[in-house]
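Starting from the given sequences, assemble the full structure and let the hints guide the process.
Residues per chain are reported as follows:
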Amino acid sequence: MSGFFDIPSDLQASYVELIGLHLREALLPVLAGLLLALPIAQLCVRLRWLYPPVLWVTTVIYAIPSLAFFVVLIDYTGQTELTVMIPLTLYSLVVLVPAIVDAVRSVPQETLAAATAMGFGPVRRYVQVQLPIAVPAIVAGLRVATVSSISLVSVGTLIGNQGALGNLLADAMFYHRPELAVTSVVTTAVLAILVDALLVLVRVLLTPWMPRRSHTKPKAGQPDPAALALEDTAR
Amino acid sequence: MDSVTKRYPDGTVAVDRLSLEIPDRSITVLVGPSGCGKTTTLRMINRMVEPSEGTILVDGVDIQKQPVNTLRRSMGYVIQNAGLFQHRTIADNIATVPRLLGWSKQKARARAEELMERVGLDASLAKRYPYQLSGGQQQRVGVARALAADPPVLLMDEPFSAVDPVVRKGLQEELLRIQGELGKTIIFVTHDIDEAIRLGTKVAVMRTGGHLAQFAEPAELLSDPADAFVEDFLGEGRGIRRLSFFPSEGLDLLTDPVVAVDATAEQIAARGASGAPYLLVTDGDGKPLGWSEPGSLPGAAPEELLAYGRPFVAGQDSLRVALDCAVLSPTGWAVAVDGTGKVVGVVSQETIGEAIRGAHAAGRTAEATGRQDDSTGRPEDSTGRKADVAG
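Chains A and B, in that order, are what the protein sequence lines are.
First residue of the first sequence? That's 1 in UniProt numbering, and the numbers climb one at a time after it.
First residue of the second sequence? That's 1 in UniProt numbering, and the numbers climb one at a time after it.
Where hints are given, some of them may not hold.
A few chain A residues facing chain B, derived, Cβ under 8 Å [claimed, not checked]: (1) Glu110; (2) Ala114; (3) Ala117; (4) Met118; (5) Gly119; (6) Val129; (7) Pro132; (8) Thr187.
Derived by calculation from the structure, the hints in this document are not laboratory data.
All C-beta atoms in this analysis are idealised placements derived from N, C-alpha and C, irrespective of residue type, glycine included.
Here's what the structure looks like:
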């Protein structure tokens, strides 16, 4: 049974170290993606005509196989974590940009008008009003991007030892040790579920202003904008 | 305080050469059908919409000459559906502008609590979030938030149109009460002419295309609409509605046709001698029980009495209420009571009719003397006025 966690020496890492590497390679790109997506999304909100081409570009990037990225990047960044993380960052944009655009757009018009009328400048209004109200929908996008990123890290196997838990799949074939594949798949799934749960917790802590019980309908006549935002994202 | 001339081409013209002098410390209502430019006009005052021509002066200072956010922070703004910040507590919502102005947290918080009391919100709501409040409560928060930095000017854009009629009436009364205490310069936009007449010290009726149709006090609007559009917009029952502006104070109340339920036959005979066809029977406390013919008294059972409809409070209610009571009453007589519900007299439809004619005559006299000095904003009202004087 110890075979499940008996990591082949060619990976030069323990089970726990593989988990650490996996999380780093999965989460840093999402974080970088978020930092990129926020200004891009804000530009798309401000300049409506920009949104369709941006959406098109992110989708096309998502369609480029990671191997193609590696071929190009390996000349510059070598067989490093960075070579894996750059495409993952770009992939996350396909989810994050539309999620943030829809989230920011879903902030009620009268809330924005009230903010302007009270003397909020555009920057202050964005940071203090639009962004906080958009948090639930942004987190919803982050959850999808994060889970997808955690599963995508495995492609790092293509450039050697950068696939983290994904390398166990290759080793399972290579050494005829199917239990390593089980370890890889189960651990990756558990990581995804745990990180996802953590994001839900973060959302709850960040938004004490949202109705708690999902069953209670918001008072008649005022649809819950957060719920609308989530719907928008789902669409 | 305000001298406004502005034009706003937006492909189409939203507000066309509008000139208004908005009186200080009173409620001015902009009213009109959708697309008449009333909201655009309001938004030009705090520069959420920039006028393409003309100038707006506040206290003699051109609003273009001050930084836009300074200007906006000096004007409270209340919007339909309140537009509260759903991610902030009620207290934080109210404290928004004070915080923007750099007040300390404690000072802003204390101010928020003071304002919650002023607008009739329980202090326990301070830590709640907007979703936990009813529509009416949210609107109160909206008003409190607008008042937070004690701005001299309050802009209100259809603030009460999204709540039900009962709540709306409560909010209107509250606004009038707060205005009585604070004396702000309020500019109020609505599409509801009844709300305009109820709240406005002066009412500007606007017409599609951004034209000012008439700018007048509500009573004058009802009696002398400037043209067919204003008349049509005011709707039915102008004469009756105008009675709201006539006090019932001067009404000739009769006490003769009022008898106590335990009155003796002689007393009743004496009362009946006044010639009134009906006598009002009151209980031991002087409260009305119902009408009876003099012949069937004394000893009429309570259920034999004719219902008196409802009473009006003498001096406090308007002639409109008094007339309504008289019309409701099967005898054609209205019952006047004091603040405690005790009968102070009765009055017939005929007497109320006389009082109305008297009020008209007094109004015409006042108008004739006041006409020379108030020519602003009503270029077209001379024809309507003449017709009224002639009639």
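How the hints compare with the structure:
1. The interface hint given for glutamate 110(A) is met, as the beta carbon of that residue sits about 4 Å from the closest beta carbon of chain B, less than 8 Å.
2. Checking alanine 114(A) against chain B: minimum C-beta separation of about 3 Å stays under 8 Å; hint holds.
3. Because the closest C-beta pair between alanine 117(A) and chain B is about 4 Å apart, less than 8 Å, the hint holds.
4. Among the interface hints, the one on methionine 118(A) holds; its C-beta lies about 5 Å from the nearest C-beta in chain B, closer than the 8 Å criterion.
5. Taking 8 Å as the C-beta contact cut-off toward chain B, the hint placing glycine 119(A) at the interface holds, the least distance being around 4 Å.
6. Hint status for valine 129(A): holds, given a least beta-carbon distance of 6 Å to chain B, under 8 Å.
7. For proline 132(A), the interface hint holds, the least distance from its beta-carbon to any beta-carbon of chain B being 4 Å, beneath 8 Å.
8. Against a cut-off of 8 Å between C-beta atoms, the interface hint on threonine 187(A) is violated, since the closest Cβ of chain B lies about 37 Å away.
Taken one by one, the earlier hints fail for this structure only at number 8.
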